[in-house]
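Undergrad: Could you build all of it, start to finish, from the sequences and the hints given here?
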Amino acid sequence: MSSFPKSEPSGKPNIVDGVYNWADERLGLTEVVALATHKQVPQHKHSFWYYWGGISLLCFIVQLLTGVLLLVYYRPGKEAYESVRQITYDVDFGWLIRSAHSWSANLMVFAVFVHMFSVFFMKAYKKPREFGWWTGLGLLGLVMLFGFSGYLLPMDELSYFATKVGLQLPSMLPGVGAIVNNVVRGGPSVGENTVQRFFALHVVVLPLLFMPLLGFHLLLVQKHGNAVPEGEAAKPLSQRRSVPFFPNFFAMDLAMWLIALNVITILATLFPWDLGQPANALASAPIGIHPEWYFMSQFQLLKGMGLVLPGMMGEVVGMGLFTAVLLFWAVIPLFDSETVAGKRARIATWTGYLVVTGMLALTIWGYAAL
Amino acid sequence: MNYPVWDVPFLGSGWVVGIIAIFHVMISHFAVGGGFYLILAERKARRENRADWLEIIRRHSHFFLILTAAFGTVSGVGIWFSIGLASPQSTSALIHNFVFGWAMEWCFFLVEIATILVYYSTWDRVDAKTHMRIGWLYAWTSFGTLAIINGILTFMLTPGKAWLAVAGTGREASEFWAALFNPTYWPSLVLRTLICFALAGVWALVTASRIDGFTKPALKTEVIRWSARWLLPSFILIPPALAWYLYAVPETSRQLLQLGVGTIGSGMFTQVARAALVTTMSSATILAVVYFLAWKNPKDFGLGHAIAVVFLALAATGATEHAREMIRKPYTINQYMYSNGLRKSEIAHVNQVGFTTASLWVSGNPGEAMFRGQCMNCHTIDGYRAMRQLLHGRDHAAIARLLNILHTVPADSPYKNYMPPLSGTPEEIAALNDYLGSLVGAAAGANDVLAAKGKTVFDANACSACHGDGGTGGPLAPALTGVGTRLPGDKLAAFLAKPSDKAVAGGMPAPKLADDDMKALLAYLNSLK
Amino acid sequence: MSDSSLPIVNKIDEAAPASRRGLLQLGITLAGACYAGAVGYPVYRYLATPARRAELADSEITTVSIPASGLPGPGTGTIFLFASRPTLLIHHEDGHYTAFDAVCSHLGCTVAFQPDNHRIFCPCHGGVYDMNTGAVVSGPPPRGLKVYHVEVKDANVVVSKV
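Protein chains in written order, with the numbering used here: chain A, 807 to 1176; chain B, 12 to 540; chain C, 3 to 164.
Hints were generated in silico from the structure; no laboratory data involved. Honestly, I wouldn't trust all of these hints.
Unchecked claim - Computed cross-link-like contacts, DSS-like style, restricted to lysine-lysine with a CA-CA straight-line distance of at most 30 Å:
| no. | chain 1 | residue 1 | chain 2 | residue 2 |
| --- | --- | --- | --- | --- |
| 1 | B | 172 | B | 140 |
| 2 | B | 355 | B | 427 |
| 3 | A | 851 | B | 227 |
| 4 | B | 307 | A | 851 |
| 5 | A | 1041 | B | 355 |
| 6 | B | 227 | B | 140 |
| 7 | B | 227 | A | 1041 |
| 8 | A | 1029 | A | 1109 |
| 9 | A | 851 | A | 1041 |
| 10 | A | 932 | A | 1041 |
| 11 | A | 851 | A | 1029 |
| 12 | B | 502 | B | 513 |
| 13 | A | 851 | A | 970 |
| 14 | A | 1029 | B | 307 |
TA: What follows is the structure in structure tokens.
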């Protein structure tokens, strides 16, 4: 790798090389460098999708930084609303930090979904990448929880009612539903205790779970490299191309990150996040209340099933359907294993199409039915 | 006022102009910078005897021709149509002042379009020397069009003392050159020229990205890198040029930059600060993306990448042009004509005779006419800068206080740097209050400051004890809504001085009030509908 | 993995000649500066808001009035807040008042009035100030305490900036 520091100093004494060698003899940096640079990224017409994991990571970093900044002024519990009001309308550029955090949250969920579906359709869950798939699903779940817990923290009307509606989901769990909800809420209804708990979840618990899992996920990607779609894998070697991850693809990745950062800036600056009225437990739910867009498909599934099937049956069947799809999704690497382009492979791909279409349709239907 | 109002729901007439204009800037600045790009690229190719380069340049000139001659022209004319509809008074003022300038501009345009058509169609059909002469003619003519329109645009922000001295006298054209080469002319020309060169590079990357990096790696690398370099001098020189521009801009305009810092609360004019942030960020991203994608990986630079860069340039351009428009508020021609077409010099007259009287065109009831004539240039009802949102939750008294600030323009008015003064008679302003109140369902109550005081008198004298809160009536006394119609003119005052026997029998006192308080109470009672 | 057997193409070529490279680096540095500014400036203002507001408020407050009835008798010192600064108000034996900024000029500890020793004393490192003028008598402080103007008006003790 020509652009990296060499192990032996060149003719002229170079302080950077000297420091590098000193550290290398003690930390084994050369091995780390080798791990970082051995990877090559295949270049083909679907290479565009390789960026989306990185974009998700950028969004997470933005969330981390803006989140810590918000932490400087946010007060959970009784003063939650007032502290967010101060951040949005009082503190210099508070509106910008908060809007960046909210927009980047939405973009992160979007990016993670795009990333997951592109991995699915490229069948990059096959051996040896099964653990990558499972850790990825774990990360997706944590991201949804991040979104759900963060949404309540401003304690305005929208947060309050969206959380109430969203908590319908765990209440559906057979047997333990009500107990789980009581523990999650810190009481019989959403209130101060809930904010405090969601805050602890959002700021401490979820990051502690997310970051090691993410580290493991990235290590696996580094170890196994990028998968190629079947069409590309079938081509003769002479027709296939790749670029070194470092420095070529890294430069392109960085450019993508800057574009994503720019999109976040434009959204946060031109469409800043507002603050509604403070949450009022005695007020009736606003007409058309609904959870954030990434929960809409589940929300509408339950609602739709409730229309078709009588009583509790609707919700139970809806939850069951949802759980079944989730389970199948999780075990897909075991289902669609080695055999290339076989029957199972086709079933997997078509299930994927069904899921994507279904989620999109349910989300659109959900909004239309508001 | 003197023209019908162009009512564009949701978007507002201003944004119709804005969208067309931003699109036009993306293309017209490419037309100027790209003209120099073509001729300099052709010169380089011919000097180095590079037939492969010439082929790329020919392809680029085809793309250039279609984009600039077709879309550039149409969008330019689009600006004419939209400004004439959105702001006819300002357009009229500009035409009267710069008709000679626009005549020059159209001459330049004609030559410009003719030359680019000839340039493309005579490729390989005339000798190299002639072809390059045509190219140079195009480039300089195109620059000429920029030089003139830049004068008119910058005039709007800084007309200059000389012109302002003759404004409104009928002798404005005597200061034509001073108006054209006004205080912000030169910094703006430098800035725009730099932007032209940068955009030339951005659009050139589109053509260059379509070279197949697999079969022609060396050519692609060369062309991409040569095109990417067009962004560099601009990027380095734009910050000092921008500083020069901001220095030349009026102080009040510069102050508008600071308004977006503390809050984005409703009603604060935060556009300029926010647009500035987008411009800075997008410009930096353009350079970084071009460096990391185009410069470092030229063979892999695809059309998708190039289009991403174009969109970033669009974001930067849009934000900058929007900010430029916003710092001129509340004027379309600084210190002379406000955004709603009213001249600064006629405000006193309009206040005296009334806005509806002074206007040649009015539609709707007086309140609605006031809104349409004076507010709709910048506000919509439900869309951009929505009145419904901005006045949400206010009652008539609060609206009255706001309109009073806009009308009297006290020194500490938060609006005076970006909103024109509200002109009209007190009756017209009250009518406007009614209209605006009807938009937000304002609580019934005091219709002006005097009536607001009257409400306190009403409450302080326990009138509400029998007549109900807000005069809605109760078991002991009738409702007072509409009492101004039942006892018009002096009859209400007379009644209060000596109530009817029936009223006295029911317990109605004759309120003993100071003159001021009585006047206020009467205003309040008359406002109850 | 099969990846490493793929043909490597399109390695990053080395950049332009030295003069162009200098310009390139200037451009990249400027881009970096733009990012630093666009991100750094809002973050700085965000974090500095309370300090900036306090400074602004501090400069605007020029007088503080304290009801005399709330103050202890002669031969005592009271610490109160003048804007955001702790300030020492000394009620002398003969009835007159003096007031000084109570932040020691040495390392910022809050000073105290010692009526028995007729002096202002800083407990952190033993600095001593004159109770009438605020000047340094002994110890490490480099400068005297800032003096305020005090007068008694009606029933209030009015402390104002000199």
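Undergrad: Are the hints correct? Go through all of them and say.
TA: Here is what the structure says about each hint:
no.: 1; hint: B:172 x B:140; result: 47 Å, violated
no.: 2; hint: B:355 x B:427; result: 13 Å, holds
no.: 3; hint: A:851 x B:227; result: 18 Å, holds
no.: 4; hint: B:307 x A:851; result: 20 Å, holds
no.: 5; hint: A:1041 x B:355; result: 74 Å, violated
no.: 6; hint: B:227 x B:140; result: 28 Å, holds
no.: 7; hint: B:227 x A:1041; result: 22 Å, holds
no.: 8; hint: A:1029 x A:1109; result: 43 Å, violated
no.: 9; hint: A:851 x A:1041; result: 13 Å, holds
no.: 10; hint: A:932 x A:1041; result: 19 Å, holds
no.: 11; hint: A:851 x A:1029; result: 23 Å, holds
no.: 12; hint: B:502 x B:513; result: 16 Å, holds
no.: 13; hint: A:851 x A:970; result: 45 Å, violated
no.: 14; hint: A:1029 x B:307; result: 25 Å, holds
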